[in-house]
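Below are the chains, spelled out letter by letter.
There are 2 protein chains.
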Amino acid sequence: MSIKDLFSKMAQEAKASEIREMLKVIKSGDIISFAGGMPDPALFPVEEIRQIAADVLEQRPGAALQYETTEGYERLREELFKFMRSEGMQISSKEEILITTGSQQALDLFGRALLDPGDTIILEEPTYLAALTAFRMQSPRILLAPMDSGGLDSGALRKMLEGRRSGSKIKFLYTVPTCQNPSGLTTTEERRKELVDLAYEYGFVIIEDDPYSYLSDGKNPPFIKALDDERIIYTSTFSKILAPGFRLGWLAASEDLASKFAILKQSLDLCTNTLSQHIACEFMARGHLNKYIERLKPAYRRKREAMLDALAENMPDGAGWTRPTGGMFIWATLPPEFDTDKMLPEAVSNGVAYVPGSSFHPSGRGKNTMRINYSYPSIEQIWEGARRLGHTIKAYGTAL
Amino acid sequence: MSIKDLFSKMAQEAKASEIREMLKVIKSGDIISFAGGMPDPALFPVEEIRQIAADVLEQRPGAALQYETTEGYERLREELFKFMRSEGMQISSKEEILITTGSQQALDLFGRALLDPGDTIILEEPTYLAALTAFRMQSPRILLAPMDSGGLDSGALRKMLEGRRSGSKIKFLYTVPTCQNPSGLTTTEERRKELVDLAYEYGFVIIEDDPYSYLSDGKNPPFIKALDDERIIYTSTFSKILAPGFRLGWLAASEDLASKFAILKQSLDLCTNTLSQHIACEFMARGHLNKYIERLKPAYRRKREAMLDALAENMPDGAGWTRPTGGMFIWATLPPEFDTDKMLPEAVSNGVAYVPGSSFHPSGRGKNTMRINYSYPSIEQIWEGARRLGHTIKAYGTAL
Chain F
1 MSIKDLFSKM
11 AQEAKASEIR
21 EMLKVIKSGD
31 IISFAGGMPD
41 PALFPVEEIR
51 QIAADVLEQR
61 PGAALQYETT
71 EGYERLREEL
81 FKFMRSEGMQ
91 ISSKEEILIT
101 TGSQQALDLF
111 GRALLDPGDT
121 IILEEPTYLA
131 ALTAFRMQSP
141 RILLAPMDSG
151 GLDSGALRKM
161 LEGRRSGSKI
171 KFLYTVPTCQ
181 NPSGLTTTEE
191 RRKELVDLAY
201 EYGFVIIEDD
211 PYSYLSDGKN
221 PPFIKALDDE
231 RIIYTSTFSK
241 ILAPGFRLGW
251 LAASEDLASK
261 FAILKQSLDL
271 CTNTLSQHIA
281 CEFMARGHLN
291 KYIERLKPAY
301 RRKREAMLDA
311 LAENMPDGAG
321 WTRPTGGMFI
331 WATLPPEFDT
341 DKMLPEAVSN
351 GVAYVPGSSF
361 HPSGRGKNTM
371 RINYSYPSIE
381 QIWEGARRLG
391 HTIKAYGTAL
Chain P
401 MSIKDLFSKM
411 AQEAKASEIR
421 EMLKVIKSGD
431 IISFAGGMPD
441 PALFPVEEIR
451 QIAADVLEQR
461 PGAALQYETT
471 EGYERLREEL
481 FKFMRSEGMQ
491 ISSKEEILIT
501 TGSQQALDLF
511 GRALLDPGDT
521 IILEEPTYLA
531 ALTAFRMQSP
541 RILLAPMDSG
551 GLDSGALRKM
561 LEGRRSGSKI
571 KFLYTVPTCQ
581 NPSGLTTTEE
591 RRKELVDLAY
601 EYGFVIIEDD
611 PYSYLSDGKN
621 PPFIKALDDE
631 RIIYTSTFSK
641 ILAPGFRLGW
651 LAASEDLASK
661 FAILKQSLDL
671 CTNTLSQHIA
681 CEFMARGHLN
691 KYIERLKPAY
701 RRKREAMLDA
711 LAENMPDGAG
721 WTRPTGGMFI
731 WATLPPEFDT
741 DKMLPEAVSN
751 GVAYVPGSSF
761 HPSGRGKNTM
771 RINYSYPSIE
781 QIWEGARRLG
791 HTIKAYGTAL
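For the protein sequence lines, the chains are F and P, in the order given. Anchor point for the first sequence: position 110 equals 110 in my numbering, and the numbering is continuous, going up by one each time. Anchor point for the second sequence: position 247 equals 647 in my numbering, and the numbering is continuous, going up by one each time.
The hints are simulated quantities; they were obtained by calculation from the structure and are not laboratory data. It cannot be assumed that every hint is accurate.
Claimed, not checked - Here's a subset of chain P near chain F, in silico, CB distances under 10 Å, partners left out:
1. 402
2. 408
3. 412
4. 465
5. 593
6. 664
7. 675
8. 676
9. 687
10. 714
11. 716
12. 718
13. 721
Said to hold, decoys possible - Derived lysine to any residue pairs resembling SDA-like cross-links, with alpha carbons at most 20 Å apart:
14. 297(F) - 218(F)
15. 767(P) - 705(P)
16. 404(P) - 168(F)
17. 169(F) - 412(P)
18. 742(P) - 768(P)
19. 367(F) - 395(F)
20. 415(P) - 116(F)
21. 94(F) - 256(F)
22. 15(F) - 742(P)
23. 9(F) - 742(P)
24. 9(F) - 536(P)
Glycine included, every Cβ here is placed at the ideal spot set by N, Cα and C.
With the rest of the complex left out, here is chain F (with noise of 0.2 Å):
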């Protein structure tokens, strides 16, 4: 037998993804990259980083170089439910914190903990790329809730529901509510509320992934983990506000569902970096993040102005995009005949990268959609990359 024949239905079906297959393309030559959603590394915190790391490593290494427990660093989960409440969410103990590997271990121990094959989910459209693809290892049913510039349509969503005759069980709404990835957008506090009215009428709980609500210009709405306790679930992660390397990123839940987790946690890591988890903790502990993240606001906020204004000169009439108050991304919209999965070679080989925005549908509309990523290129190379392709799209439709 053929070691092929060995494979599991799950590693049969799972492909690489595009996203994936870019990261490999920007090493190679040069490509001006909007794919990919890396920060940019010249706004890392080195010094501070450098300066914790030597102190960690001088004062305990014993404890930051051994195992740690599965729930996490007990320092760091206090400074995570200081920093939560201080947020205004509602949470009642740091016990309901466990520190995850990324948040796509959380987003791994969702649909590990909460489905079975055959429940439903509820996911936006477009919605994450990675959280689909771990969620679909559990092969769930995926119900899509339409956005709009409101966000998540959570109007939408309630006829959706009412219209349900039957179907299998709800077990959750996965939503990332504040500058989202893909689309940037960010959902109302009117729809957030009707989001958690709906998650108990229907007896499902929401995933409120968090990676970009504190590098957002201006007034966020609540939290959704403010509106409500038990049925929440929060994540979020430090690799936007602290470094991307570190893997660490932590979740929220009610107790029940937190240790739950940590159980399941145990066969996929033991414990998470246990050395990263320390120089988080001092991170916090010594008022660093607050103030770093007042640095990187206006960081991004430069290099996101600077991509509407390169969008707005290069892309041709008929094109539109969003217009985000943080994150890392940018939602442009081609007409209709455009297919941007086909453009994409050739984008490339004009020397820029973007994702196709069908891989954010996973009803696999979106073929005239791609998301552009302005936090990781420089701002030279946004204004190149937004010449480079307005010049492709120009080219393509052209070509049409």
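Given chain F's structure and the hints, the job is docking chain P onto it.
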């Protein structure tokens, strides 16, 4: 609907493991722990790590703090490729290596990539608890191969396989062939060769989990990965030869398998901690690894010999135990009337902890066995803990 009704079958079945509860016990009060499997933090290469961390954060912070590819840091994969080749293992390129978040993640990947519910796997009895837990998430059928002083009894396994009339597809054999956790036993070269023959005859792959061989005294039998390339999946970890807090492991498998594991790993945590990968890479590139291993061997030998002497002095007649060449564990067998699960609370109240052998027996056998860790406690604690353990066993035996 209550929150708990949302749990998946997997989550409902997931229970906290004895070892996990032990880790909590350790942290409380004056208990000498022979449970767990932690290295001695006094032996961590702190100076080397501190220097390397400072250099890496000085010289390439942008790379060391950024996302890495899912496959892992190129230079680390190159170092591991050279290392495995120098150890005589059959591996043809660094593309066959995937960096994992501890070898626990490799175990999780094996289960997910290779097992559909009802598939058959072969485990040693006793077997590594965290592997059993990870594989069980895929609901496999389990064949148990007996062990004796020569390690996994390949002859007995052959008879089991020949006698097997029907049954589902056998996907893999999982073994820790050198200084096994929990038994401390090492499988002989002759038996390793027969296992490879069986893999080809019956069409399964062999997973060689190897956390301990590098710390073993004297000459180990050849790696199973040295006897064959295609059908052997090798996995190891930096937890015992650098620092467990880094959650850094690797696997080596034919490229078909390795690339599939990488695609699945994407959904687990996108990539492994980048800073730890850079530190481990420098630790190897600067030649620290082999020097450190030579420093560790005599230190653990002293502890192992102390534990063997202390057991000889304190264990009652009728008790027996293994005499490993390395690893971190000694396996003790008490007279058949003993139940080490029932005895554990008494041991803990006497100030000593161990892991009951039944945890490592999927069959529920092994009630009269226990796993004793000697790597974590100090030599003084080893002697005092063995005294407390001997006292507990004698008292328990008298009360039977």
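These are the hints, each one checked on the structure:
1. 402: Given a least distance of 9 Å, the restraint on residue 402(P) holds.
2. 408: Result: holds, 5 Å to nearest chain F Cβ.
3. 412: 9 Å, holds
4. 465: 4 Å, holds
5. 593: 20 Å, violated
6. 664: Residue 664(P) check passes; min Cβ-Cβ to chain F is 5 Å, inside 10 Å.
7. 675: Since chain F brings a Cβ to about 5 Å from residue 675(P), closer than 10 Å, the hint holds.
8. 676: 6 Å, holds
9. 687: 20 Å, violated
10. 714: 28 Å, violated
11. 716: This interface hint is violated because 32 Å lies over the 10 Å limit.
12. 718: This interface hint is violated because 34 Å lies over the 10 Å limit.
13. 721: Violated, because the Cβ-Cβ distance from residue 721(P) to chain F comes to roughly 25 Å (cut-off 10 Å).
14. 297(F) - 218(F): 10 Å, holds
15. 767(P) - 705(P): Judged against 20 Å, a Cα distance of about 26 Å means the pair is violated.
16. 404(P) - 168(F): 17 Å, holds
17. 169(F) - 412(P): 16 Å, holds
18. 742(P) - 768(P): The given pair, whose Cα atoms are some 10 Å apart, holds under the 20 Å limit.
19. 367(F) - 395(F): Satisfied, since the Cα-Cα distance of roughly 17 Å is no more than 20 Å.
20. 415(P) - 116(F): Roughly 18 Å separates the two Cα atoms, so the pair holds.
21. 94(F) - 256(F): 13 Å, holds
22. 15(F) - 742(P): The hint is violated at about 48 Å.
23. 9(F) - 742(P): 41 Å, violated
24. 9(F) - 536(P): With Cα atoms ~16 Å apart, residue 9(F) and residue 536(P) stay inside 20 Å; holds.
The structure fails hints 5, 9, 10, 11, 12, 13, 15, 22, 23 (numbered hints given earlier, in ascending order).
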